[in-house]
Structure formats: structure tokens, C-alpha cells
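Residue numbers (my numbering), protein chains in the order written: chain A, 71 to 253; chain B, 4 to 600.
Errors might be hidden in some of the hints.
To be verified - Pairs of lysine-lysine residues, derived as BS3-like cross-links and limited to a Cα-Cα distance of at most 27 Å, are as follows:
1) 31/B to 353/B
2) 215/A to 524/B
3) 251/A to 31/B
4) 251/A to 541/B
5) 215/A to 489/B
6) 516/B to 141/A
These are computed hints drawn from the structure, not numbers from a lab.
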Amino acid sequence: MAKPIVATTALASCFGCHMSLLDIDDRILELIELVDFNKSPVDDIKKFTQMCDIGIIEGGCANSENVHVLKEFRKNCKILISLGECAIMGGLPAMRNDIPVEECLAEAYLNGPSTKNSNTEKILPNDAELPCILDKVYPCHEIVKIDYFLPGCPPRADLIWNALVALVTGDEMKLPYEVIKFD
Amino acid sequence: MSSQIQSIVEKYGNDATRLMDILILITKEKGCVDSNNITEIANQLNISQVDVEQTLSFYHFFSEQPRGKYTIYLNNSLVAYMMGRAEVAEAFEKATGTKFGSVSNDGLFGLYDTSCIGMNDQEPAVIINGVIFPKVTTFRVRELITAFRAGKSAQEVVNSYGGGQNQSLLIKSMVTNNLNRRGPVIFSDYKPGDSLKKMASLNSKEVIEVIKNSNLRGRGGAGFPTGIKWEFCTKSEGDEKYLLCNADEGEPGTFKDRVILTELPHLLFEGMIIAGYAIGAKEGILYLRMEYEYLKDHLEFNLDEFRKKGWLGKNVAGIEGFNYDIRIQFGAGAYICGEESALIESCEGKRGEPRNRPPFPVQVGYLDKPTVVNNVETLCSVVKILLNGAEWYNTMGTIETTGTKLLSISGDIRYPGVFEIEWGMTIREMLEMAGAINPLAVQVGGPSGRLVGENEFDRTICYEDLPTGGAMIVIGEQRNIPDVVKYFTEFFIDESCGSCVPCRYLTVILRNKLQKIIDGKGVISDIDDLVNWGKQMKIANRCGLGQTAANPILSSIENFRPEYEAIIEKGKDFGTTFNLEAAIQESCREVGRFPLA
């Protein structure tokens, strides 16, 4: 049987969940025996080249590009996993959800300490190449169907490892108390 | 420092635990408590500014900004909507020229939503500068606003008084009692003062013994045996003890205490004296919700009468060494303050946040002293039990739930009001009694209770079967169950103190999921999520509000699942209300990106 294929991405997030994935240490050698990677920052494949078995999403959706990538993952992966607080709940980026977009943009580009003296022309970035900011940060499952959720900020390496191995081998997932942390 | 603030703070002995009274009085005199006032109060009381701010910001009726010369609080409970609140709200917005949650440009009118004000039997009801206007119509709204524009005060436009003591010169309110059935305990005839004579012939242990033998349970909803609570308190160390009467009555759909406070304040005060005597209390405090402020003069008058008769003050009722008085502590609009430990916090001038327990209030309560908190109806029952004996009381009700219960029945019925019944009545009998019109469901015990349907109409009202604090909201078959449940869930969102995370956030998530289902975008897994996530509320919050906040969702899905399944998208495993075009509108407009796409 061919090895299952895994794709990963980081949306509105800090990349910490991917760092946590690397925390499986030498088990990464075992991992590449178990699975192949497709689109992922791990191997720098930018576009899906085939249908994947497992898609791992870090981060929620803060802009139109995040939404586009998330929908691509849903289309190209049989199973989608929300990895970490941001993908599941919006996380720290969602702290802006109670603040109008207008105020957020003004704080970032007009009145912020690093911009208020330099952005004299009061320019808000607007280029066709740039994605559009959403009205708020959305958790992934509000936009596409998500099959599994792995909590944590970041999720412990052991949790990611256990989940991946269980999915790939079909064995029951080991979830001892110590590996599930919500922060 | 302004002398006005100084004199108000001094009036309460520069005592930080009286912060509620201080803020209430300043609000009354100045319309709001602004940032200068906050600094002055903090300095005068020698507490931090934040201590003042956190109390101020917690309560619905306090504000840092002026709320208009006429401050209009329109009830937004479910029954208000059932009785035409939407049209009335629109009429207010049109007549005052302002939206809900704001003050009109001329500063004349402030328009605000407020949670149930204890008038479910006469909705839609509105409080304007403390004056209650029940059964308001769109015509009446225009009439009121015209009169206000002509300079009349709220009390001046009260043009007819309700029945009973609502007519008295000390109340003069349009509120009606709607006391539809008097029972053998609370509303039976008695001679004021007799119970105090009886009390004087017994020692405190004997009084507790009588109440224990009567098997009286607390009437607020939890049903804890009153005699045992008192006994626990007497066993707690400390010579200073307190008796608090919970007249917060915030559960939407309950209004029985309003009628007791209007018609039988003396009965309640006698009960507070007996309880105070039994536990050896130094002082009794009646914690009264701000919504019932219109009863203040009436209640104070009755307290004065008691003092004149020697029933309050030194050597009460002729008992040597029993020095006891009662004061009224007002809340300022917070449902959670009906929870006993939150109520105690509020009495101490703080935010109404429930305490961790243990220790229980009978051990560490008001001012950290042993404290008993009893419901209004409980204390009234005590008087009759002492007069007629525990055996008499045990002849009424069911085996484990003795006596009578006041039900506040409202909704789609012909006779909304208060009914005193013996425990053990079935829901079906109750519906008949209240003249229900094609009932689909009954919300037993208010939003924190249980939504029962036809399949449960033969269950009996008692602690062995269907416990309740007495709020019964009858929902007719023309109503939509998910909508009803959404109103209840929004109530909990508004009233959460914010301390426990699931209560603060999960309620919102559950409401949004409900809305998704109501919008026709739900799928079967959304219903399952509501159930599975709703169950977490019971185990992950520390007080009754959070623990019961998902009850309307859980019991409605249990009893009315087909109503939900009828409006979901069938055969789909995922539904979403997310719309990319709508979600980017705001940012595209801000940065000037056109066309908006």
C-alpha cells in the first residue's frame, strides 16, 4: 500500500504549531517512513500535485487568501484537522473581533508607533495582489467542514504524533491527560 | 471635591461596603456617575478608583454617561416579545428619534433594553425614571413621549392605579397585582403581630425545630430545607450573624414577590424577624431589585410602623436582649445577584460575582459573618408555620414537598398572574387553571428551568418530580421553539457575570449555532453539537446561572427535536453562513478597493 500523503499549511497564525510538529524530534525519521508530504511549508511544495489523505491546518481565517487556501485544502484532502487554538477558535488574531476593521487598519497603518510619523500620506495598503482583510477572524470549521480538532497553543508534539500515527495506522488514538493542553 | 459627592458618601458613613447605595444616590441626583465622581468617591472611601469602576460597570442601571432626562428601560424578555414588544420598541425609537442603547440628541430621552422586570403578567412593560408603565401600546408610547416633551414628569402621566395597595398614596402605581388565586398559606388571613407573640414564647432552638418539622424548603428554586439552613448558621462560630432576604426576583417569568411586597410587606417583615431571632442575627437586610424601587416608600413605611410597635429595634417583641432591625438594600439591575453569594457580594458594594463554595454563606457570608439568605416566599411561609404548627403545614403538598407554592404564570394564557397552589399539581391542571390557549410547551422555572412539552404535561410540580421557583411561561402552538430558546439564551449572555469562561463564551457560540439553524443553514451535526457542548455548561461553571444557561437548549432538543430537524438542511454534513463577499466589504471600503470583490 502506498504511504498516506499529508499536506499542511499555516493561515492566520504564528507558525508555532508547525514548530511543535518539529518537536517530535527524531521521530521525524519514523514519520517520513509512515507518510509522504505534499503541499506544505515542510517541503516547500507550493501547489497541490495530487489528492492528499490528511490536511493539517494551523491558524484561522483573517483574510481572503486564508479562505482560498482553506477551501483548496478541503478540496484536495480527504481528512482535515484543525491544529491548535487559532484554527479551532481564532486564537490571538481573533482579539480584533470586537474592534471595527476601520480602527484596526488605522492603528496598524496610521496611528501605530511605527507608522504615525512615517506614513505621512496616510496610505492604507491597497494593491490587487494583496488579500482583503475579513470583517473578523473566523475559526476554520465555520468556513469548511473540519473532521478533527487538536487543541493547544501549541498542541504538544506528542499529541500531534499520536494523532497522526493513529490516523495512519487505524489504531485507537492515545490521549493521556498530559498530552492534551488547552494553552 | 464637590460637597455633593462628599455629603452622599458621608451619609453612608464613608463605608466602602455601602458603595451600592452611594452609586444609586449619585445616579438619582446627577443622572450618572462620571469619571470625576469616581475619583472623588474613591478618595473619600479610601479605595482604589478601579474598585469603584468595577462595581459601577457591573450593574445595568449605572452609567458613566448621562442617560437622558427621561431614561426609558423597555423589558426585552420573551413574554414581552410575545405581547408585542417589537412594535412598541419601534414606536419608542420613532417618537424619541433615537435608537435603543443611546440618548437622543437633545439629551431628553435615553432608550435602553433591560432584562425581565417582574411584570410578565402585564407586558410589554417599561420603566421610565423608576416609574413602571405596564401593558404599553404604540398609542401609549406616543402619548407618553408627547407628555414628556411638554415637561411632565413620569409620575405625572400615571393616570390610573392598579388594584390593592398599588392604589395607596405610598405606591400610586399602574402595576396590577393579578392575584388570581389565594391559597391557605401565604395569602390566608392572619393577624399581624400574632406570630411575634408566639415567637416570644419560644427559644430560638424551638423555633428552628418547628421549621425543621414543617419540612419547609427554600422557595427560590433550589429547595434547600430552611430549618436545616438556619441550624447550620447557628452552629457557625461568630457572634455577629445576618439574615438576608432575597427579593431580587430576576428569573424571567417570576413576579410573585412583587405581589407579596405590595400586599403583605408586614408578613415578610415578621418572617424576617422570626428568622433573625432563630439564627441570632444582628440585622436583617432586604435585598430588593431596583426594578421594584416604586415600592420603596411603602416598604419603609411598614418598617417604621414595626419600629413604632416595638417589633424592630431594641428588645424586639418584648424579648430581652433581642436587638434587631431591618434595612433595605437595593440592587441595580443584575440577574446574577439573585444567586445568594453574588447577592452578598452586591450587599458589600462589589460586583455581583458568585463566590466559590465552600465555605457556604451560613459559614462565611455577609461581611464574612455567618449569613442566612432566604427567599421572600420562604420567610412568609415561616410566619404561618409558626402560627399554625408544623403538622398543619405537613398536611399540604406532597410527601417531600410540603405546603403551597406561588406560581407566576404568564405567556399564552387567559389569566396571567399569581396563583397559590398546593405542591403536587400537574402541569395539565395548571394549564387549565390559567386558561392556556393551545399550549405547545411550558418553560418551568424560567429560562434556567426546563422546557416541557405535551409528553410531560402529566408531571407534577414538586421537588420529587418537576422542581420550580414558580416561574411558568406558557408557549402557545403558534410560537417557534428555536426562537423561544434563542431569547432565553440571549438572556444568559446578557446576564453572565463573565467570571467563568464557558458561561462567558460558550453561551455566545451556542446562540450563534442556534441562529445558524434558525437561518436554515444548520445541519444535523449542529443539533448534536448543541447537545454535546451544552452539557459542558453544567460541569464547567461555578454558579447556577452558568450551570443552567444551556437548559433551554438541552430540554427543548430533548422534547422538541422535530422542530429543529424540520428547519435544517437535510442530507448535508456541513452548512455555513460564511459569505466571503460580505466579509470583505468593510475592509475594501476602508482601503478604497473597487469594485468590492
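Self-check item: Pair hint outcome, residue 251/A versus residue 541/B [Cα-Cα no greater than 27 Å]
Solution: holds, 21 Å
Exercise. For the pair supplied as a hint, residue 251/A and residue 31/B, confirm whether the alpha-carbon distance does not exceed 27 Å.
Key: violated, 49 Å
Practice problem: Could you grab the alpha-carbon distance between residue 516/B and residue 141/A and see if it respects the 27 Å cut-off? | Solution: holds, 21 Å
Quiz item: Can the restraint linking residue 215/A and residue 489/B be considered satisfied, given a maximum Cα separation of 27 Å?
Solution: With a Cα-Cα distance of about 24 Å, the restraint between residue 215/A and residue 489/B holds, given a limit of 27 Å.
Quiz prompt | Proposed proximity, residue 524/B with residue 215/A (alpha carbon, max 27 Å) | solution = holds, 13 Å
Exercise. Please work out if residue 31/B and residue 353/B have their alpha carbons no farther apart than 27 Å.
Key: holds, 19 Å
When each numbered hint is compared with the structure, a violation occurs for hint 3 only.
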